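A.B. asks: Spelled out from the first residue to the last, the chains are:
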Amino acid sequence: MPILTADMSAGTLVEWRKKPGDALERGDIIALVETDKGLIDIEVFTPGVLEKIVVQPGATVPTGAVLAIIRDEAPTGAPPAPAAAPPLAPSPVAPALPPVAPAPPGRLKVSPLARKLAAELGVDPATVRGTGVGGAIRREDIEQAAARAAAPAQKPRAALDRQARLRQAIGAAMARSKREIPHYYLATTIDMHRAMTWLAEENLKRPVTDRVLYGALLIKAVALALKEVPELNSVWRGSEPVRSEAVHVGVAISLRGGGLVAPALHDTATQSLGDLMRRFRDLVQRARTGGLRSSELSDPTITLTSLGEQGVESVFGVIFPPQVAIVGFGKIVERPWVMPGGQLVARPVVTATLSADHRVSDGHRGGLFLAAVDRLLQEPQRL
Amino acid sequence: MTRDEIRAIVLRTLGEIAPEADLSTLAPDVSFRDQLDVDSMDLLNFVIALHAVLHVDIPEADYPKLATLDGCLDYLTGVGVR
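Residue numbers (our numbering), protein chains in the order written: chain U, 1 to 383; chain S, 1 to 82.
FYI, nobody ran anything at the bench for these hints, they're computed from the structure. From a predicted model like this one, the values you see are computed outputs, not experimental measurements. Each residue gets a CB set at the ideal place from its N, CA and C atoms; glycine is no exception. Possibly wrong hints are sitting among the right ones.
[Unchecked claim] Just a few of them, taken from the derived set where beta-carbon distance is under 7 angstroms, the chain S residues facing chain U:
id : residue
1  : Glu20
2  : Asp39
3  : Ser40
4  : Met41
5  : Val47
6  : Ile48
7  : His51
8  : Asp57
9  : Glu60
Here chain S stands alone, though its shape is the one from the complex (with noise of 0.2 angstroms):
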């Protein structure tokens, strides 16, 4: 899976869990939490969410990886979703 069709699935997933974010404005190096709100429950479901469209086990160790769209992605290409 390329990190085009990565990203398009984590501002997916994000969309679920933020509805009235606007995405498009998303800075990539900027926290999730910061820019929308989102508290540890949101980011369990995050997690949950990637789990089931990627198939990818994360170690609660990780999620600080998760923190920003770019950690994300090289936090998910890194591992080699598929």
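Isolated chain U (complex conformation) (with noise of 0.2 angstroms):
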């Protein structure tokens, strides 16, 4: 059970995606878990084949607990890798349950009536967990396995109950972080009139469907950014800030009745604006509705919190263990701004804000960082 986020401490096997004798390949969605963040699928981390499960759907195990067993496929001799190994430190490992006894693959049973059903649903009975004798594919499995892929948001446990277990998950990480880290805080009020004004006239050249949003300005800016103060592009690794050269930017994002993730948009620095809009789109739609990988919530390497929107004029965030920094973005408001000639007019301005590690970094560093947030915001068109 890998460690998603640092305020996670166990998780509920819903299913598994794949068989024992799948061959795996890295980044495939191997099973889907239930946690505090909502279900969350499941990516493996080595390539290999899938040689047994070990923990069955609907059991809760510890972060850390192996899930399953991936054979290396190179006759190297090495034992069997678990499956989706923890990127963080592990925590102990829960006893194993009991291995299901799957159908060998290729050999699936399924009953003809399932069968049927099953391409009438459009389901893969591949994708089946068969409760019938044997490991057999009933119909009761193929209606709820079109069920569950009909209502992704579908919760298996109560609203009411995963809200509390959010907010609770939520507290723990930021109590954690406001103990662990010694916060700094800076601010700056930024000249947003350029970005906007050629936003606008971008826009307008762009078909409905690829518009983009002034918050994937942000997001690009604060990735260009952090090329210029890497050190603020950290997590901690144990007990040493590890500088990562790829720049995945976490975006908070809130969810419908309460709570927040901030999920990765993985290679901030190095997409295109247009593809960077469509994969932030992307990743707020299956933050609300159910569908984050893994990846996306255990490797951002630091967080972008925008509450403009909420009326809210500046943010100091709390930092997300192991980040080092978050950046916060507040309302885009009409102020008064003196031009370099001296001369007063209104300009639409927002106020931006870094809450960094000063173990890590100081005021000076941060200082520069938001001066270079302003700076390429100056020149949208380069984002």
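From the two separate chains plus the hints, produce the assembled complex.
C.D. replies: Spelled out as structure tokens, the structure:
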């Protein structure tokens, strides 16, 4: 059971997406897990062959517990690797549960009625766990699989229960952050006239499906600014902050009904603005309806939060461990602004903030970072 | 397309964006943002969905006209969706 966020201590295996004998590539979705952040697709971190399923659907196990065994295909004699190895420090491993007795690959036991129903409902029987004799797939198994596919956001537990656990998990992570991380806070006001003017013109050229939100500009500017102050793009590994070569900006997304999640937009700095916007839109949709991938939760190297749409003018975030910084943006407001020639004009401005870990950087470097964000937003065409 | 038909499409689209909302109590003259806690990403998805269903290309400058149910219906009937 991978540790997907600093506040995660356990997860519930909802269903397996692969069966023993299946070949696995890095990035394949192997299982669906319910966490306090919702339903998460668990990816494979190592290629091989799924040798054995250890944890059965419905079981809740602590982070670090072995879910399944993946056999390395290379003939090295190396022992099998645990599936979905936790990217962070593992917790004690829970006792293994009896493995499911699956049908051999390529010889699925499916009743004719179930096979017909699967075809009608668009369900691949290979992805269904049979509950009949010898693992045979019955009509009921197909119906349940179809229902799960049709309602990805459906929560296995009561929504209120999930909300309570989500609040508890966020509280635990934030308390740990404030207890262990010596935060420092900086703020600057950025003139957004050029950025907003350019964006309006750019969106006139784009079809409705490809329009770019102002938030995507902020995400890209933050990602590029990190190249100038790379120590802010670090994560703690044990007692050492480790700089990340790749920039994976975690975007704070509010969930309907309360709570938030901050999954990563992978390789943020190298994406074109159009690609970044498409992925941003997809990420928000999946965060709110289900379908986030495990790497999206475990990989952020910095977080961006924006509360401007709620009318907030400035936000000083609490750092998500093991990251070392969080950037905040408030609402764009019209303010008097003195131009270089001394002329006083009304300009749209936004307050950008940085909360950063004093063990990794100091205010001078943090200031350079915010200045870089400002400078980048004055040249939006280069984002 | 009649105003009632457009209204049904708008409400169905809103239901997909804010599935937890009780749209039967939606005040027609109060902003979606205030009633449904929608954000700019929701609004973009709303516009894209209307584009897909009604084949109407809504310029970004017109987004404020879609802020309420009444505003939506006035705008969409005004541009003559079929």
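A.B. asks: Confirm or reject each hint.
C.D. replies: Results for each hint:
Satisfaction of the interface hint for S/Glu20 is found here, the shortest Cβ-Cβ separation to chain U being roughly 5 angstroms, below the 7 angstroms cut-off. Proximity of S/Asp39 to chain U holds as hinted, the smallest CB-CB distance being about 5 angstroms (cut-off 7 angstroms). Here the hint on S/Ser40 is kept, as its CB sits about 5 angstroms from the closest CB of chain U, short of 7 angstroms. With a cut of 7 angstroms, the hint placing S/Met41 at the interface with chain U holds, because the nearest CB-to-CB distance is about 5 angstroms.
About 6 angstroms separates the beta-carbon of S/Val47 from the nearest beta-carbon of chain U, less than 7 angstroms, and the hint is met. At about 5 angstroms, the closest approach between the beta carbon of S/Ile48 and any beta carbon in chain U falls short of 7 angstroms, and the interface hint on this residue holds. About 5 angstroms separates the beta-carbon of S/His51 from the nearest beta-carbon of chain U, less than 7 angstroms, and the hint is met. With 7 angstroms as the threshold, the beta carbon of S/Asp57 comes within range of chain U, its nearest partner Cβ sitting at about 6 angstroms, so the hint holds.
Satisfaction of the interface hint for S/Glu60 is found here, the shortest Cβ-Cβ separation to chain U being roughly 5 angstroms, below the 7 angstroms cut-off.
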